[in-house]
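Let the hints inform the model, and build the full structure from the sequences given.
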Amino acid sequence: MTLRSVSTLNRACASVVASVRPQPATEHHRRRLASSLATHLASRRAEPQQHQQQQTPAKYSIAIVGGGPAGFYVAHHLLKHRQDITVDIFERLRMPFGLVRYGVAPDHPEVKNVTNTFEQVLANDRTQYFGNVEVGKDIGLKELQSLYSGVVLTYGAESDQLLSVPGEFPGPRLSDNKHPSLAELHQADRSAAASGGVISARSFVGWYNGHPDQTALNPSLTRGDTAVVFGQGNVSLDIARMLLAPIDALQRTDMADHALAELRRSTIKRVVLVGRRGPLEVAFTIKELREMTKLPGVASTLKRLELTPEEVAYYNNERPRRRLTELLVSTSEAAQSLTLTPDQRRWELLFQRMPDGIVRDAAGNVTGVRLRHTALQGAPGSRSAVALEQTEFIPCSLVIRSIGYRSLALPELPFDARRGIIPNIKGRVVTPSQPGEPTILPGLYCAGWVKHGPLGIIATTMNDSFATSSLILDDITKQALPPSPVASSASPSALPQFVFNKQAFLAANATELAAGTAQERPRIKMLHADPATLADAQSETAHGAN
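Residue numbers (UniProt numbering): 1 to 546.
These are calculated hints, taken from the structure and not from any lab test.
Worth double-checking, as some hints may not be accurate.
[Said to hold, decoys possible] Derived pair list, reagent style PhoX-like, types lysine-lysine, alpha-carbon separation capped at 20 Å:
1) Lys59 / Lys478
2) Lys294 / Lys269
3) Lys303 / Lys269
4) Lys59 / Lys80
5) Lys269 / Lys112
6) Lys478 / Lys80
7) Lys426 / Lys478
Next comes the structure, spelled out in structure tokens:
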């Protein structure tokens, strides 16, 4: 495909997307969407599925709220095990696949291969996709419950944990106890980025992955040479790697173009990853650590690790932990003999430190972090950190907090604000009764991070989603889940224009892949962040057709 044909396809797809630009969620939109869904479901229930050898009318309809890995694995399992189920996937964003698209590091294309399975789900005649639809805003949860046999909540964790220390935000402080809304967090991150302040890992990762909520983040990477990352998990190492990796290597990935341009200008040469506990409690994997040790032109400046006999005995009895700790030890030993040049890019892990404050200058710009030393209590591997009196200061111009994600509440849904999850019993949503044991809400399920918190890798999410979908299949077998409540006499009607459906996704996906092929990259993500650009593309397409 030539660059000219890619450009033409890009403009054509842009015009498709422009026609489904978000609109305010008025009561008219909500009623229209609910009505359209009802007729859509009735049509699917009444008509046999053409791809099946035995003509089986759709009997059960399942709505999945969240188009990330958890949602698609639930759909995959349901479609595989019953032929009389239809699945509708609702996603707040236009494009599906959630963290696989917007969270996995650009230089980990092998992890993104799971989208092959997800695309097979979308290709199934019994699946429909409703992107650009926010449940709780464009359509209510209770409305979905009235239209479907069951509803599965898989919308993940869109918020994050706060440091909750003085100076974290340049404006009014957001308290961790307040559980700020998504809009408040986005605004706080944009304000922090503008002042070289504290940015969430969620926003920074979304920024370099082309997440539409974070395209306007614009982090300042040219105010200094040091970045501090609070957290020692895989996401923290991803961020450090993106800040330090040779730009030519990143240029071959699907990283968003605006991030590539800013990273090319970046003056960051040192990344310090701070953890409250010790080397035996780090949350990252050996794969991520090994990648850091092999970054071209990047050195590790770890201090020598001095482990106690008790710590050595612990990691020797845990094979994965032993291999990881041995690599940490050998990396720290090698660092002792390094001779660094002034421009040497480098990273280090700082253990037994906790945030005590963010220091800013008179203009509000971050100039450093104040850390408090900690002591460890308990058995190795599960120790807790206790604050000490000793403090230290690290000059820096950028701070990124990467200490955990958390889910947000959905209107009309029980929510455990303390744990940041939907209250559930093995995937069945519950609501506390007064008094007594929690009450199971029939036909309402959850899977993934919104079920158990932000834990595990994609394989963990897959197994968890299969477990929840097995509950649904059991409920159908036991006749505990009713057939689709929509009457089969209704006639189909068009869905509202702002819905981004399977056809729109296929067009956008084809455009991204073709544009990527032209530049020898996996894909070039269509961000669609600027309505004016879309309008121009739509106008150009219209003129070209005349």
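Verification of the hints:
1. At roughly 15 Å between alpha-carbon atoms, Lys59 and Lys478 fall within 20 Å of each other, so this suggested pair holds.
2. At roughly 16 Å between alpha-carbon atoms, Lys294 and Lys269 fall within 20 Å of each other, so this suggested pair holds.
3. Annotation: proposed proximity of Lys303 to Lys269 holds, straight-line Cα distance about 18 Å (limit 20 Å).
4. Restraint check for Lys59 and Lys80: satisfied, since their Cα atoms lie roughly 15 Å apart, inside the 20 Å limit.
5. Among the hinted pairs, Lys269 with Lys112 is inconsistent with the structure: their alpha-carbon atoms are about 29 Å apart, more than 20 Å.
6. For the hint pairing Lys478 with Lys80, the CA-to-CA distance comes to about 19 Å; that is within 20 Å, so the pair holds.
7. Restraint check: the Cα-Cα separation between Lys426 and Lys478 comes to about 18 Å, which is no more than 20 Å; the hinted pair holds.
In summary, the structure is inconsistent with hint 5 from the numbered list given earlier, while agreeing with all the others.
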